[in-house]
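A.B. asks: Each protein sequence line maps, in turn, to chains Y and X. The opening residue of the first sequence carries number 1 in our numbering; numbering runs sequentially from there. The opening residue of the second sequence carries number 1 in our numbering; numbering runs sequentially from there.
The set of hints was computed from the structure by calculation and includes no laboratory data. Here the structure is a predicted model, which is why all the values come from computation and not from measurement. Errors might be hidden in some of the hints.
[As the list claims (entries may be wrong)] Restricting the straight-line Cα-Cα distance to at most 25 Å, the calculated cross-link-like pairs of lysine-lysine (PhoX-like) are:
#, chain 1, residue 1, chain 2, residue 2
1, X, K382, Y, K247
2, Y, K239, X, K345
3, X, K321, Y, K247
4, Y, K239, X, K371
5, X, K382, X, K345
6, Y, K239, X, K126
7, Y, K239, X, K363
8, Y, K220, X, K371
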Amino acid sequence: MIPSPSPTPPVKQKRTFIEGLKHRWSNDPLFSVLIALIIMVILQTLTLGFDYGSFGEWLQAWTNNWINILRNNAGVGIVALGMTFVIMTGGIDLSVGSTLVITGAFAMYLLDTGASGILGGLGITGVPAIMITIVLVMAFGILLGGLIGVTITKGLVPPFIATLGAMMIFRSVTQHFTQGYNTTVPTEFLQLSSFKIGNLMIMPIIYWAIIAAILYYVSKRTVFGRQIIAVGSNERAAKLSGVNVNKVKLRVYALMGLLVSIAAIIQVSRIGSMDFSNAGRGMEMDAIAAAVVGGTHMLGGRGFILGTVYGMLIIAVMNNLLNLFGVPPFLREAFKGLIVIVAVLLQRKSEQG
Amino acid sequence: MKIEMQHIVKSFGSNHVLKDVSLSIQGGEICALLGENGAGKSTLMNILGGVIQKDSGQILMDGQEVIFESPSESLDAGIAFIHQELNLVNDLPIYENMFLGRELKTKRGNLDLKRMYQKTVEIFEKMNVDLDPRRMVRDLDASYKQIVEICRAMMMNASMIIMDEPTTSLTDTEIERVFQMMETLKEHHVGIIFISHKLNEVMKICDKYFVLRDGILVSEGKVSEVTTKELASYMVGFDVRTESLRREKEPDDMGEEVLRVENLTDAEHFRDIHFTLHAGEILGVTGLLGDGRSELFQAIFGARPIQSGKIYLHGKEMNSKSTYEAIKAGIAYLPRNRKENAILKDMSIFENASITTWPMFAKRGTIDTSKHQQIFKEQRDKLQIKMREWTDSITSLSGGNQQKVVLSKWLATNPRVLILDNPTQGVDVGAKEDIYDIIIQLAEEENIAVIVLSSEAQEVIRVCDRALVMYHGVIQGEVRGNDMNENMIMHLATGGELKIKRREYQS
C-alpha cells in the first residue's frame, strides 16, 4: 500500500489582533454570544453607577446584584440546559412549566409537616425525610419525562403535540388536587437553598454550575452526548450507523424531567411554597429563548451547553438592566423577544460571512 | 401532429450529454426511448419539455420551428411531460387536482367546483376511465394517479405525452391499466414517448424504438422487427469498455460460509430471497430502480422489519432487531444516497468516521478519543483519504473522500460481511477506481465477504465474482463467469426470463 501523502499543514498566518477577532467571529459560534454578554455586563455595570463611598462598597453592591440575578435564574437556567439537549435532537419540550408544578407539589406533599404530610405520616422526619424527598421527586421527574419520551418514540407523536398535551395535563391535575390546601415545608428543607457559604446565599447558583459542568462534559465527551447531535443532524444516518435513535430520545426527555424536578426542589426550598397556577408559566419559552440565543438550532444537530448558559445570562442581565432603567414590567417581554430575534439574526450573518 | 428534433446538442460543462441527436415522432405512435443510465434520455426529454435549454439544434412541430423556454410553453404547445414523481396533491380530490394551477373560477372569484367536476367527468368519459372524480388522490393506487395525470394532460389538449418510466413502481395489474390508457391515447391520435428500462414492456406496447448510448442515437426502427436481446445489446454497446478486475479465484474456492439467507420476505419490497455468501467473496446484486435490493439488505442489516424468513451468520440464526446488534454481529452496511443516509453534516470528519464504534470502546459512557484516533489514522492511510484537519466539517470534503470516510467508519467495526449499496454514487472517476481497489483488497487480504449493490452492470462485472440480478423484488437469476456480461444482466433485470416463461405458457 502506498503511504498516503501527508496532508499539507494549513498555512499559519500571523494575524493581527483585529483579524484574530474577525476569524473567531466567523469560526467560533459562541464568540458573538460571548461578546454580546460582555457588552451587556459592561452596560449593566455602568448603569449601576460608581456612586459609592469606597471601592469595597461598590464591589459589595455589584456582587449582591449579580448573586441576585444568578440565584433568580438558577431554576430556569437548569431547565434551559435540558431544553438544549431536547432541541439538539430536533425536538421541543413545552411541558417543563407544568412538570415543575407537579413535581413541586409532590415534594411539598412528601414533606408537609401538617396532618397530610406523606413522610411525616410514616414517621420519617428531619434529614432522612429530606433525602428521601429529593430522591423520590427526582425519580418522579424522570418518570414523567420518560412517559413523554415513550409517547414520542413508541407512539410516534410529534414532540410539540406530546409535550403540549403533557403541559395541560400536569398543571390541571396539580391544580385539582391542591385546591385550598396549604402546606408547610420544614425549615431544614429551606436550607437546601438558603444555606450560606461565607455569608453568601449561593446554593442554587452552585447547583446550576455543577449541572452545567456535568452536561457540558456529557455533550462533548460521552457517547450519549454525541449521539444526541448525530440524531438531530441526520436521524436516518444515525440509525444506519448503529445509533439506537429511540433510546437516545427517550433518555433526553427523561433527563429533561429530572432537571425540571431539580428546578422544582430549588424553587420550593427557596420560597417555601409554590403557586401552582402561576409557577413555571412561560418557563418553556424562557428556556427555549436561552438555548436559541446561545446558538442552538431549532431544527436540531447543533447546540451548546455553554452557549445556553451565556444565553440565559444575557436574558437575565437584560431583565436586570430594564429594571434599573425603570422600564415598565409589561414592556420587558418585548425586549426579550427582540433579543432572541437579534441573536439569531447575528448568528445567521456570521455563518454566511 | 409530428415532432422532429434535429441535431440536438447539449453539454453540462465538459460533460457532453447529447451529441447531435435527431429523431421524429408522429401522433398516434407509441415510441420507446431506451438507454442506460446516463445515456442522455432524460436530458433529451427535458429539452423537449422545456425544462432545460438545448445548446444547438432545432425542434420542429409540423415543420414549424418552436422554442420552449419553460415547461408551460411546451405544455401550451401540446407537449405534456409526466414525471416519475407525480405532480398531484394527495389531499385534494381528483377533480381539483385536474385543474391545479389553472383553477376555474366563478365570476365572483370563488372556485367553480361544479364546472371543474363536470369537465373532469367529461374527460374521463372520453378516455374510458371509470373513476369517481370526487375521490381523494391519496386513496388512489399508483396506476390511477398516472391515469389522472394523463387525463389532465388530455384536458389541456396535449398531442404528445412523455412518460418517464411510468411502470417502475407498479404491480402487474396496474401496469395493464396504464397500458390500456396508452392504447386509448393512441386511438385519439396522441403520440407517446415511453421512457423505460423494461424491454418486455417495450415489446408489448410500443410501435417504434430509439436507443441512445453516450449521447448518440445508435439505433431506431420498428419494435416488430427486433428482439429484446438485440435491444439490450444496442443499449450497452458491443464493446466492453473496461477490463475486469476479477481475480483468478473460482467462486467455489471461497472460504467458509458466512451469511445464508432463506425465504426472506417483506411482501412490499422483496419475496422469497435465498442466497449464501462465503468469506473473501465479492457478490454483486444488481437490477433496475425499484427492484427492492436496498430494502432487502437494509432488512438484513436490521434497519427494517422482516415478515418471514431466516438469516444465518456463521451458521447461527441471527435475530437482530437493531442496527447496533447487526454491527456487533459483524455486519456493516454502507447506504446509498450518501447525503440523506450517511452524512452527519453538523459533525466533523473524525466524528463521521467513528460514530459506529463509539459504544464499543467507551469507558463508562465516555468516548475513548485516543483509541478512535488510532483507528482512524490507520483507515485514513489505508483508504488514502485526502483532508486537512480531522476536525473540519465532513461537508468540506469532495464526494469521493466523503464516501471513503463513510467506508472507514464501517471498516472500524471490523465487519465480516460488508454490504456496499451503490458505493461509487456521486464519486469522481479516480475515487471510483480507488474504491474498486479497496473492495478487492478487503476480500483478498482480510477475507471479508463483500456484497456490492449497484445499478451499473459495468461495476458489478468489474469487481464481483458472481452476481444476483433482481427484478420486482425477486432474484431473477444468478450470473457468473462468462454469463456475467451486460447483455445477460440487462436481460434478467428487465424481467427477461419471466418473458420466456410466459411465452411457453401461452404457446
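A.B. asks: Tell me if the straight-line CA distance from X:K382 to X:K345 falls inside 25 Å.
C.D. replies: This hinted pair holds, its Cα atoms lying about 24 Å apart.
A.B. asks: Keeping to a limit of 25 Å between CA atoms, is the pair of X:K321 and Y:K247 held or broken?
C.D. replies: Distance of about 14 Å is within 25 Å: holds.
A.B. asks: Does X:K382 pair with Y:K247 here, judged by a C-alpha cut-off of 25 Å?
C.D. replies: With a Cα-Cα distance of about 34 Å, the restraint between X:K382 and Y:K247 is violated, given a limit of 25 Å.
A.B. asks: When you check the alpha-carbon spacing of Y:K239 and X:K126, does it fall within 25 Å?
C.D. replies: violated, 50 Å
A.B. asks: Please work out if Y:K239 and X:K345 have their alpha carbons no farther apart than 25 Å.
C.D. replies: holds, 15 Å
A.B. asks: Below or equal to 25 Å on CA atoms is what counts here, so check Y:K239 against X:K371.
C.D. replies: holds, 23 Å
A.B. asks: Hey, Y:K239 versus X:K363, does the alpha-carbon distance stay inside 25 Å?
C.D. replies: holds, 22 Å
A.B. asks: Tell me if the straight-line CA distance from Y:K220 to X:K371 falls inside 25 Å.
C.D. replies: holds, 16 Å
Checked against the numbered hints above, the structure violates hints 1 and 6; every other hint is satisfied.
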